[in-house]
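Starting from the structure of chain A, add chain B where the hints point.
Chains as they are written, first to last, in this note's numbering: chain A, 1 to 161; chain B, 1001 to 1932.
By construction, these hints were calculated from the structure, which means they are not laboratory data. You may find that some hints are simply not true.
Chain B regions said to be covered by chain A (calculated; three or more residues, Cβ under 8 Å) [to be verified]:
{"id": "1", "segment": "1121-1133"}
{"id": "2", "segment": "1151-1160"}
{"id": "3", "segment": "1253-1264"}
{"id": "4", "segment": "1453-1467"}
{"id": "5", "segment": "1762-1774"}
Over the 10 Å line for every Cβ pair with chain A, so calculated as not near, a few chain B residues [as the list claims (entries may be wrong)]:
{"id": "6", "residue": "LEU1064"}
{"id": "7", "residue": "PRO1197"}
{"id": "8", "residue": "ASP1295"}
{"id": "9", "residue": "SER1830"}
{"id": "10", "residue": "GLU1900"}
{"id": "11", "residue": "LEU1906"}
A partial selection of chain B residues facing chain A, derived with a Cβ cut-off under 10 Å [what the hints assert, rightly or not]:
{"id": "12", "residue": "THR1047"}
{"id": "13", "residue": "GLY1065"}
{"id": "14", "residue": "LEU1117"}
{"id": "15", "residue": "GLN1194"}
{"id": "16", "residue": "GLN1198"}
{"id": "17", "residue": "GLU1199"}
{"id": "18", "residue": "TYR1203"}
{"id": "19", "residue": "ARG1302"}
The beta-carbon is built from N, C-alpha and C at its ideal position, and this holds for glycine as well.
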Amino acid sequence: MIHFVLLFSRQGKVRLTKWYSPYSQKERAKVIRELSGVILPRGPKLCNFVEWRGVKVVYKRYASLYFCMCIDSEDNELECLEIIHHYVQILDRYFGNVCELDLIFNFHKAYFILDEVLIAGELQESSKKSVARVIAAQDALVDAAKEQAASLSNIIAQATR
Amino acid sequence: MALSGMRGLSVFISDVRNCQNKEQERLRVDKELANIRTKFKHEKGLTPYEKKKYVWKMLYIYMLGYDVDFGHMETVALISAPKYAEKQVGNVGGKEFSESLAPDVQKLLISSSCRPLVRKKAALCLLRLYRKNADVVNVEGWSDRMAQLLDERDIGVLTAVMSLLVSLVANNPDGYWNCVSKCVKIIERLTRSQDIPQEYTYYGIPSPWLQVKTMRVLQYFPSIEDPNIRKSLFEVLQRILMGTDVVKNVNKNNASHAVLFEALSLENMTRMLLVADVQESIKRHQAQIITSLKDPDISIRRRSLDLLYGMCDVTNAKDIVEELLQYLTTADFAIREELALKAAILAEKFAPDLSWYVDVILQLIEKAGDFVSDDIWYRVVQFVTNNEDLQAYAAATARDYLDKPAVHETMVKVAGYLLGEYSHLLARRPGCSPREIFPIIHDKFPNVATSTKALLLSAYIKILMHSQPGDPELQKQVLSVFKKYETYLDAEVQQRAIEYFVLSQKGPSMVDIMAEMPKFPERQSALLKKAEDTDGDAAELSATKLRLQQQTSNAVVVVNQHSANGTSHPAPLSSVSSGTRNIDRGFLEQSQVGPQHNDVPVKAAGMVQSLTADLLGDLLAPLAIEAAPASVAATPTTAILPLEEPPVGPADPLALAVLDGNSSSVQPVGSTSDWFNALCKKDSGVLYEDPFIQIGIKGEWRGPQGRVVIFLGNKHTVALTSVRAIVLPPSHLRMQLPPVPELIPPRAQVQCPLDVLSLHASREVPVLDFSYNNSAVTVGSKLRLPVVMSKFLQPAPISSADFVAIWRSLAGPPNKLQEVVRGVNPMLISEMTELFNMFHICVSPGLDPNPNNIVAATTFFSESGATLCLVRVETDPADRTQLRLTVASTDASTTFELKEYIKEQLVDISSITANPATLGFTGPAAALAGLL
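So that you can see chain A by itself, here it is in the shape it has in the complex (with noise of 0.2 Å):
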């Protein structure tokens, strides 16, 4: 299973953090901050996988941004290095070209998105359609739920005036 999902980028900022096995918030920070100083250092024609403390910790680099995931020893290795790229993918057909920035002002859209990805650290749809549907989905209730807000506060505005 996957016991995490840690975003960061090449000066080190965290940007998505998802735990799918206990950590205190002390163990965390340790555990960024570990890593962070594991992969950062890595030249590009290094391998993703890094053993450490061990479990293995699958890593890609999407431009300035690291997407890490840590696996049991007995994984496969391959499939969670795709499981990334498949996110990536996901992230880039909804944002329209994908950046850092995107993840960081939306970092919550990013979080919507990973968790129609993975669930309880375990793959839960492979299809990029059927992603992009349930996202779309969600988007539409709350743009319907804002409308009716605004046009209820337009409502009380007007009666209290």
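Then chain B, alone, in the frame of chain A:
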């Protein structure tokens, strides 16, 4: 794409991003937190929008790594908010919660009316709950429901269900057999791309993730019985293995190889059951894997080393091991020890011939001496000692290595040991006379550690003692070395130097003490054990274990056959070694019996013990699997313990036939009664052998307890099935044989330990009832196990005064029984003495003034304690076919059983049946009475 409408949040994120340093960022975050706190506290009427905004801000702050210790209630409140927009966040756990939630989730998962979206989430939710609390799926018929779920067509739902199944199967593989055929169908559907929607293909590959997961599940079911399912799985594997090629697109490559590797490990598991064709397809990748050994990335190098280790078999062992040896010189330090260990193991496991094995290990030591653990060279010594054909070759090779300019210390140790033991085998070769060998070894002496020095001293005395005829020049040199080290700082070296100096003065009578080492008992390679221990990784551990169970080391098999052959052509080595033991025992007993037998100084006796003990101790201690006494200090008890019990008596005249003939045409390759009789006299050997199976036995005895290990070795290339072995114990023994595995893989060996406890004296023996199926016929036999009375006897040296006192106190039947035995196998008093001593009945010479009588004492051990038994045999020098036997002990039944047991050993049963006339012989009692 900015977050429309949530300006406050965007501004906050921008602010944080614009902070110049950590301090500024902290100030900004603290300010925001204070703001949110007051908002939550004071303004009761927050709009849903505001609530949401603040929670998002808190979440962002939390993600940055700051502690957020409030606001949890507000978050939870959001979850229960009526509108979807506010409901998006949240997650809860806890056992009670999972219990109450599980049934609902299960319902969602099973119901076909639910949308796929909900069902796949339900599957993974259940997985999450299962990890927390395994009871959630402990419901009647859950595996049937899982099987039903696998009929699902939607790939997304299948993927989620398969994740759940992997977890369930990992914890309880037996419970989900009904899912296997469904899984094979799924993987078949995927690899054939049948009915796979476009959106579920990844770079043209039908959901690689589902393929990987399905094969993961199947890995827990290595043996599939249904031939049709097996066949389709085999086809699928073949398609994957043959169809995977390296392509340009990285992602496609990765995905297809993820599938390939998973297939490979599944294939590895099923290899035993499938045709060997597939192996060829892995070997196609061998060159690639070997190249990866030189990859710049260490994790890749490690991986390829593991893979090479895993894929090695008899056909490619030579290539792979040579490749590893070559790589050893350039490999980086982090990996070398593991590399050396693995090369050593592979060399041992798959050696095409034994000399090659010795070559490999010596090369290994030469190239990476620092990384060769002691276990590796101990194993070579063990191996060479147990294989006589190898001894001369090994000694010669070791000698050649010593000629090289820089020799690693480990090499000095191996060479020193081998040359000490076996250099006399080379004496005729040019440059290999003892006189030439000694300086070659001694050249290295000044530069080695003290432990090696001690070892070399032993080698010297052995070389000296083995050089026949004696060489005065060599003796002078060696003695001067011993003399020099008599004052050495290290106690071990000093002691050896002094002892050897004295011993070498004794001349040829000491040759036996310096004889070659006896063969080692078979044992699991310490290396394999070590490899198991060092494999930290749980999955690999299990894989290694599986391999171990499937393929036992060739070395053990070789040793086995040797001991089997040992009976047909007695090896000079074994006779010499038993001589060594007897001498050792003799010294011990004499020193204990007292001053009347002081023809050998007691001091010398002590020395011999310490010598034998520490030579054996040196080698045995680190190798032993059982806790062999590791102490080098030579107290008499530890000196004796590591030695095997001495052989018990000559050929048993009572030929015990197999109780029940074989129920089939498969015949044993020898006489089962001969094997049984031989085993009554020694503690290990062959009990039964036919073209398919070899059953060996190894026993250890201590007081009333014994441990017999039964080795069932499959000699054939086909697995033996329905293996059954039951021990039928007689009433006087308590023994329990743990269940024997039903299947013995080809060329594998199974060990079954059997603990024995003696309850009281009896001559009956347990019976091993075993049978197996060799895929054609069922073979079965009933075999007597050599758990005879003498195994529970221990010699009891006794003084004359004690003997007489006890003998008198036990007057008449039933505690003292006397019988005139006729039809005795004629033998001399000295032969009979030897026979008694072999049965652990300790003869005290000189105690009876009549030289034609034997007086002996032994202790019989049973659960209730030790019973001292006294034996007296009166013979008639005029007629050696009869004698009078008297046995006395404090326990009537022990007296009777021991008397009958001794009688059985003395009487030649054939002579009784052949000459019934001797039974009618009259007057022996009178004649014997006259002799007293």
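We went through each hint and held it up to the structure:
{"no.": "1", "hint": "1121-1133", "in the structure": "holds (count 6)"}
{"no.": "2", "hint": "1151-1160", "in the structure": "holds (count 4)"}
{"no.": "3", "hint": "1253-1264", "in the structure": "holds (count 6)"}
{"no.": "4", "hint": "1453-1467", "in the structure": "violated (count 0)"}
{"no.": "5", "hint": "1762-1774", "in the structure": "violated (count 0)"}
{"no.": "6", "hint": "LEU1064", "in the structure": "violated (7 Å)"}
{"no.": "7", "hint": "PRO1197", "in the structure": "violated (7 Å)"}
{"no.": "8", "hint": "ASP1295", "in the structure": "violated (8 Å)"}
{"no.": "9", "hint": "SER1830", "in the structure": "holds (67 Å)"}
{"no.": "10", "hint": "GLU1900", "in the structure": "holds (61 Å)"}
{"no.": "11", "hint": "LEU1906", "in the structure": "holds (64 Å)"}
{"no.": "12", "hint": "THR1047", "in the structure": "holds (8 Å)"}
{"no.": "13", "hint": "GLY1065", "in the structure": "holds (5 Å)"}
{"no.": "14", "hint": "LEU1117", "in the structure": "holds (6 Å)"}
{"no.": "15", "hint": "GLN1194", "in the structure": "violated (17 Å)"}
{"no.": "16", "hint": "GLN1198", "in the structure": "holds (9 Å)"}
{"no.": "17", "hint": "GLU1199", "in the structure": "holds (4 Å)"}
{"no.": "18", "hint": "TYR1203", "in the structure": "holds (9 Å)"}
{"no.": "19", "hint": "ARG1302", "in the structure": "holds (8 Å)"}
Of the hints listed earlier, those the structure fails to meet are numbers 4, 5, 6, 7, 8 and 15, in rising order.
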